[in-house]
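Novice: Spelled out, the chains give:
There are 2 protein chains.
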Amino acid sequence: MLNLMEITEKNKKVLINELKERIGETEQEVILSVTNILSNVRKQGDKSLFEFTKKFDNVELKSLEVSKAEIDDCFNKVEEDFIKALEEAKTNIEDYHKKQKSNGFLMAKDNGVYLGQRVLPLERVGVYVPGGTAAYPSSVLMNVIPAKVAGVDEIIMVTPPDKDGGINPYIGVAARIAGITKIYKVGGAQAIGALAYGTETIEKVDKIVGPGNIFVAIAKKLVFGQVDIDMIAGPSEILVIADEKSDPAFIAADLMSQAEHDKLASSILVTTSKELYEKVEIELEKQVKTLEREDIIRTSLKDFGKAIICETIEDCIDISNTIAPEHLEIMVDEPMMYLGLIKNAGSVFLGRYCPEPIGDYFGGTNHVLPTSGTARFFSPLSVDSFIKKSSFIYYSKEAIMKNGKKIITLANKEGLTAHANSVKVRLNNECL
Amino acid sequence: MLNLMEITEKNKKVLINELKERIGETEQEVILSVTNILSNVRKQGDKSLFEFTKKFDNVELKSLEVSKAEIDDCFNKVEEDFIKALEEAKTNIEDYHKKQKSNGFLMAKDNGVYLGQRVLPLERVGVYVPGGTAAYPSSVLMNVIPAKVAGVDEIIMVTPPDKDGGINPYIGVAARIAGITKIYKVGGAQAIGALAYGTETIEKVDKIVGPGNIFVAIAKKLVFGQVDIDMIAGPSEILVIADEKSDPAFIAADLMSQAEHDKLASSILVTTSKELYEKVEIELEKQVKTLEREDIIRTSLKDFGKAIICETIEDCIDISNTIAPEHLEIMVDEPMMYLGLIKNAGSVFLGRYCPEPIGDYFGGTNHVLPTSGTARFFSPLSVDSFIKKSSFIYYSKEAIMKNGKKIITLANKEGLTAHANSVKVRLNNECL
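Top line first, the protein sequences correspond to chains A and B. Per our numbering, the first sequence starts with residue 153, numbered consecutively. Per our numbering, the second sequence starts with residue 153, numbered consecutively.
The shape of chain A in the complex, shown without the other chains (with noise of 0.2 Å):
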């Protein structure tokens, strides 16, 4: 089902593009109506929620926020087994992340100047979580964990509700267990609209953060810089380096693992076996069958799926660091060898027995990752997504004696006379 391919540096540039092409333009249609939405959100407020709820979810709702009964009834729909892994999950998330937390720092020097760096929780973040068949709770756990420990005051979560006006329980389970008290009943871009202006009900926010549709990416982008975004993610890739002693069944699975997200999905072996990438293609017959989402596999698998053939595990990493997967798995003995080697890559699994979902579900790692190439310079969501830095500095009056000549010099030279006259009258007042 892959596509096999030889590589040489001419089709590396092909492979790069023929990725990127999976991006498409976002039709201006959208663009407008998202546009009118938001517009509208931050002129009418709550009014404009309700409405554009009953339009798009038709829902009529009486109050957007879900009470603390509605909460604990979802407790009662989910089976005990979920609610336990999800516990472990959030615990090894945690552990994680705790080790993310970065510190301020003042240093002190001659003639009495100090300065340093801060480091501060963002106060107030909202966190989009979309309904229907792209609900997942593990997406809950991965955005709100982080937050959580930068120490951010307050996590709101906002959700667009069922057709009988309720919440997904497995969101509303994963919401408690992240530590999520306040959950509103509102998606698409007039959720987005709400957390960027603030509505009499839903306060206003610092940062938003969740996947969403095309209409939920668009109003982000188009709030940023009102408040700070996560990353727009596009569609997503695995790479998967494997040697000769690899097992196909294990490369298959993994492969399709990322291929059922989405048609636009790309799954890549790069191998230096030939064997091996035909053991796959026997395996991904075998197995597809199995799978509920078979036809999402193979129309990703043909269109985006490629097999690369090459000399030596160090051409094959060569190969990803030019792609910068989201997703890299690299099963081969002594796999930690070789990470030193790896310049672009959103997450990295180690081994023939780390396939991705562990990074997905439950080893500790954020599934919150660069799509679409841009592990080039975007990172994991971490800690550091919700923090703010501030520097200070303090000057003494023997510092500014010392060096304020050096400092006129500077801003003269940039005709920022303003900028001098703010040294000079401390140094004249000094001489009087």
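Derived by calculation from the structure, the hints in this document are not laboratory data. Ideal Cβ positions, reconstructed from N, Cα and C, are used throughout, including at glycine. Careful: at least some of the hints might be erroneous.
[As the list claims (entries may be wrong)] Here are the simulated DSS-like cross-link-like pairs (lysine-lysine), alpha carbons at most 25 Å apart as the crow flies:
1. B:Lys-164 - A:Lys-172
2. B:Lys-242 - A:Lys-261
3. B:Lys-251 - A:Lys-261
4. A:Lys-397 - A:Lys-426
5. A:Lys-236 - B:Lys-554
6. A:Lys-261 - B:Lys-236
7. B:Lys-576 - A:Lys-438
8. A:Lys-554 - B:Lys-315
9. A:Lys-261 - A:Lys-554
10. B:Lys-261 - A:Lys-236
11. A:Lys-565 - B:Lys-164
12. A:Lys-356 - B:Lys-431
13. B:Lys-172 - A:Lys-356
14. B:Lys-195 - A:Lys-172
15. A:Lys-549 - B:Lys-242
16. A:Lys-315 - A:Lys-199
17. B:Lys-242 - A:Lys-397
18. B:Lys-261 - A:Lys-250
19. A:Lys-164 - B:Lys-195
20. B:Lys-164 - A:Lys-356
21. A:Lys-253 - B:Lys-250
22. A:Lys-565 - B:Lys-220
[What the hints assert, rightly or not] With the C-beta cut set under 7 Å, the calculated list includes, among others, these residues of chain A facing chain B:
23. Ile-235
24. Ala-237
25. Gly-511
26. Phe-514
27. Phe-544
28. Lys-554
29. Ala-570
[To be verified] Footprint (simulated), chain A over chain B, 3 or more residues, beta carbon under 8 Å:
30. 202-215
31. 295-304
32. 438-450
33. 550-559
Let chain A serve as the given structure and place chain B on it in line with the hints.
Specialist: Just chain B, lined up with the frame of chain A:
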């Protein structure tokens, strides 16, 4: 010259809204023009760079790259005291930013599980430096040094040529002092396009930083995602908190050092003493006449200058937290005592002898700061702006045997059976 305000809860909101109104809508025309330029550069590479440079800068260039000899020559054109001051500033900026370097980590858990995070420098960065009166050598240092400290391999500078096809000598000197080796004579949206897409001469980068006019700012927004960008800077602010013991001459000078930047800049005095405010007004009138940019200063202070009288210093800080100023000066006894109360500020200047230009030029903190109230969620430019993180995870056979079932439960509840399958094949295989 300042607008006096008695502050109330309602007033605070009015104040914020007034400041927000400084940010206008971008004209459709500019966006269209920039889209055109970018698309041309993408298709035609160098050719379009020469054409746009002829069109917009009125220069027919022979080559884009600035030669080593041209930079050597810059050193003959600038004053010795400028070079010395800039070199000392460089040392201070480097010392401060080295403290910002962060490390990855590795957690080893039981059952042969380990996971961690790597911190990697971006590979290639582009720095935009404006020409004309907005050519600030200090900005070259502030944008380049953090990238250098982060370990970025290649830092490319672009700057528009002057009318004779040369570059501003102060910029050339600053570039070499900062450690830049590649400079191209190209400005405007076309320079941003070249950095984002690459041309025959200019290599595509991972991130673009540096200030620019509206064309540059829009171009950066439009290529975002293709590459990373720094913040889009809006009109900037200074907020001075001062008690009755503070020197009105100092305060007046500091307010004007911000006001001279731009008619849209906002300079705000928040004080516990109405008497002080009155003395500051007298000082403003006295000093403004001596400054080159008197007109800009008068307009800026009239439109966006404020004086707010409060009961206590804590009240002053409360207002500052609401405004989230780019620059915050605290002119009181023992200013460090108040640092813990400050929630939102780009950079804080402590004490009566620490005017904001110390940070602009010399102290060591970065002068690229979040403007227009975005200090609520954005941070100063830092070493972190030039790194990316990558997570990794290793699971042993034992670990997946122990935890596999929980992962299968979570994946199945999300309807992702191919995710579950990637764990199942490993559990089954072991059982065979």
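Novice: Work down the list of hints and note, for each, if the structure agrees.
Specialist: Hint by hint, here is what the structure shows:
1. B:Lys-164 - A:Lys-172: 47 Å, violated
2. B:Lys-242 - A:Lys-261: 16 Å, holds
3. B:Lys-251 - A:Lys-261: 13 Å, holds
4. A:Lys-397 - A:Lys-426: Given pair Lys-397 of chain A, Lys-426 of chain A holds - Cα atoms ~12 Å apart, limit 25 Å.
5. A:Lys-236 - B:Lys-554: Holds, at about 14 Å.
6. A:Lys-261 - B:Lys-236: Distance ~20 Å between Lys-261 of chain A and Lys-236 of chain B Cα, so the pair holds.
7. B:Lys-576 - A:Lys-438: 14 Å, holds
8. A:Lys-554 - B:Lys-315: 39 Å, violated
9. A:Lys-261 - A:Lys-554: Distance ~13 Å between Lys-261 of chain A and Lys-554 of chain A Cα, so the pair holds.
10. B:Lys-261 - A:Lys-236: Given that 25 Å is the threshold and the Cα spacing comes to 20 Å, the pair holds.
11. A:Lys-565 - B:Lys-164: 38 Å, violated
12. A:Lys-356 - B:Lys-431: With a Cα-Cα distance of about 39 Å, the restraint between Lys-356 of chain A and Lys-431 of chain B is violated, given a limit of 25 Å.
13. B:Lys-172 - A:Lys-356: With Cα atoms ~15 Å apart, Lys-172 of chain B and Lys-356 of chain A stay inside 25 Å; holds.
14. B:Lys-195 - A:Lys-172: Holds, because 16 Å separates the two Cα atoms, which is no more than 25 Å.
15. A:Lys-549 - B:Lys-242: Since the Cα atoms of Lys-549 of chain A and Lys-242 of chain B sit roughly 22 Å apart, the hinted pair holds (cutoff 25 Å).
16. A:Lys-315 - A:Lys-199: 20 Å, holds
17. B:Lys-242 - A:Lys-397: Measuring from Cα to Cα gives roughly 53 Å; hence the hint is violated.
18. B:Lys-261 - A:Lys-250: 15 Å, holds
19. A:Lys-164 - B:Lys-195: Holds: Lys-164 of chain A and Lys-195 of chain B sit about 20 Å apart, inside 25 Å.
20. B:Lys-164 - A:Lys-356: At roughly 16 Å apart (the allowed maximum being 25 Å), Lys-356 of chain A and Lys-164 of chain B satisfy the hint.
21. A:Lys-253 - B:Lys-250: Holds, at roughly 18 Å.
22. A:Lys-565 - B:Lys-220: With Cα atoms ~23 Å apart, Lys-565 of chain A and Lys-220 of chain B stay inside 25 Å; holds.
23. Ile-235: 10 Å, violated
24. Ala-237: 4 Å, holds
25. Gly-511: 6 Å, holds
26. Phe-514: 5 Å, holds
27. Phe-544: Holds, about 4 Å.
28. Lys-554: 11 Å, violated
29. Ala-570: 4 Å, holds
30. 202-215: violated (count 0)
31. 295-304: Violated, because only 0 residues of the region 295-304 of chain B bring their Cβ atoms closer than 8 Å to Cβ atoms of chain A.
32. 438-450: holds (count 6)
33. 550-559: This one holds; 5 residues, not fewer than the three required, reach chain A with a Cβ under 8 Å.
Consistency with the previously given hints fails for numbers 1, 8, 11, 12, 17, 23, 28, 30 and 31, ordered from lowest to highest.
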